[in-house]
Amino acid sequence: MRRTAAAGLALGMTAALLCGAVLAVEPDERLRDPALEQRARAISANVRCLVCQGQSIDESDASLARDLRLLVRERLAAGDSDDQVRTYLTARYGAYILQKPPLQPRTWPLWFGPLAFLALALAAGVALFRRRRIQ
Amino acid sequence: MRKRLLFLVPLAAFVALAAAFYLGLGRDPTLIPSPLIGRPVPPFTAAALLPDHPGLSSSDLKGQVQIVNVFASWCVPCRAEHPLITDLSAQGLVVHGLNWKDKPDDARAWLSELGTPYRRVGSDLTGRAGINLGVYGVPETYVIDADGVVRYKYTGPLQERIVQNEILPLLRALQQ
Chain A
12 MRRTAAAGLA LGMTAALLCG AVLAVEPDER LRDPALEQRA RAISANVRCL
62 VCQGQSIDES DASLARDLRL LVRERLAAGD SDDQVRTYLT ARYGAYILQK
112 PPLQPRTWPL WFGPLAFLAL ALAAGVALFR RRRIQ
Chain B
17 MRKRLLFLVP LAAFVALAAA FYLGLGRDPT LIPSPLIGRP VPPFTAAALL
67 PDHPGLSSSD LKGQVQIVNV FASWCVPCRA EHPLITDLSA QGLVVHGLNW
117 KDKPDDARAW LSELGTPYRR VGSDLTGRAG INLGVYGVPE TYVIDADGVV
167 RYKYTGPLQE RIVQNEILPL LRALQQ
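Listed in order, the protein sequences are those of chains A and B. For the first sequence, the numbering used here assigns the number 12 to the initial residue and increments by one for each residue that follows. For the second sequence, the numbering used here assigns the number 17 to the initial residue and increments by one for each residue that follows.
It is worth saying that the hints were derived from the structure and are not from the lab. Remember, it's a predicted structure, so these values are computed and weren't measured experimentally. You may find that some hints are simply not true.
[Said to hold, decoys possible] Covered stretches of chain B, going by a simulated chain A footprint (3 or more residues, C-beta under 8 Å):
hint, stretch
1, 46 to 55
2, 142 to 155
[Unchecked claim] Stretch-level coverage of chain A by chain B, calculated; a stretch enters the list once three of its residues show a Cβ under 8 Å from a Cβ in chain B:
hint, stretch
3, 54 to 68
4, 95 to 104
C-beta atoms are modelled at their ideal positions from N, C-alpha and C, and glycine is treated no differently.
Hey, can you work out the whole structure from these sequences and the hints?
So this is what it looks like as C-alpha cells:
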C-alpha cells in the first residue's frame with residue numbers, strides 16, 4: 012500500500028512539473044487572427060526581455076516585456092514580415108535583443124568556438140593515441 | 017625541439033582566455049550598447065507634462081548640443097542623480113526631460129519637490145517614445161549634437177566621475 016502511494020505521489024508531482032512553460036502573455040494582448048498570434052508568439056520567444064534578461068518577452072512579467080509584446084503584435088498587424096519585425100527591434104535596441112545571436116564574422120567565435128575547441132581536443136587525442144601505439 | 021614546445025600551446029590558450037575573462041570582470045553584462053550612436057535621433061513625440069515647459073519631440077533636437085534625460089517619479093536612482101542633472105542645467109547646458117511610463121500627476125509632484133532642471137519636459141505615458149529611443153530602463157541620459165545625431169548614451173544614474181570623464185569632455189568637443 013505504501014509503495015503504490017509513493018509511486019502515485021512521484022507520478023503526480025512529475026506530471027505537475029511538466030505542466031508547461033511559464034507564460035506571461037495576457038488575454039487582452041492576444042491578436043484575434045490566430046495565424047498572426049502564432050507568428051507573434053514565435054517571434055516573441057526569441058526576443059530577450061531587457062529587464063529580466065534571462066527570459067524572453069513571452070515569459071517575462073516585466074512592464075517593458077508587455078510593451079514589446081504589444082509592439083510585435085502591432086507590427087505584425089500592420090503587415091510586417093517576421094524579419095521586418097526583428098529588424099524593427101534590433102534597429103532600436105541592437106542585436107542583443109534577439110536571444111539567438113546573428114551569424115556574422117563578429118560572432119563566428121561564439122557560434123563555432125566550442126566546435127573548434129572540440130575538434131582541437133579530438134586532434135590532440137588522436138595524436139596522443141598514435142604516439143602511444145608507436146611506442 | 018618543436019614537439020617539446022607543443023605542450024605550451026594549451027597553456028598559451030589558457031592564458032589568453034584567462035586574460036580575456038579578467039578584462040571582462042569589470043564590465044556589466046546587463047548594459048546594452050545603443051545602436052543609435054552616430055545615427056540621427058529617431059522620430060518621437062512626447063506631449064508637454066507641465067504648463068510652463070513645452071513638450072519634447074525629435075524635431076526639437078537639432079540646432080545645438082542637447083541632453084535628454086529619461087526619468088520617472090517611481091525611479092529611485094533618478095532621485096539620486098537629480099542633483100547632477102541640476103548641475104548640468106545650471107552650467108548653461110540644454111537639458112530636456114522625458115518622463116517615462118509615469119503618472120503625470122506623480123511626475124509633476126516629483127518635479128515640484130526636487131525642482132525642474134529641464135527646458136522641455138515630455139510625457140511618455142505608454143513608453144512608445146522610449147521604445148523608439150531604445151530606452152529599457154530609467155534613468156538614461158543621451159547627448160545629441162547640433163545635427164540631431166545621437167552621440168552618447170548612459171544607462172543608469174549619472175555619477176560625478178561619469179559627468180567629469182565622459183560627458184563634459186564630449187560636450188566640449190562637440191561645441192568646437
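Here is how each hint holds up against the structure:
1. Remark: the stretch 46 to 55 of chain B is confirmed as covered by chain A, as 6 of its residues place a Cβ nearer than 8 Å to a Cβ of that chain, reaching the required three.
2. Using a Cβ-Cβ cut-off of 8 Å, 9 residues of the stretch 142 to 155 of chain B lie near chain A, which meets the minimum of three, so the contact claim holds.
3. Taking a C-beta to C-beta cut-off of 8 Å, the stretch 54 to 68 of chain A contributes 3 residues in contact with chain B, enough for the three needed, and the coverage statement holds.
4. With a cut-off of 8 Å between beta carbons, the stretch 95 to 104 of chain A has 4 residues touching chain B; three or more are needed, and the interface restraint holds.
Every hint from the earlier list agrees with this structure, and none is contradicted.
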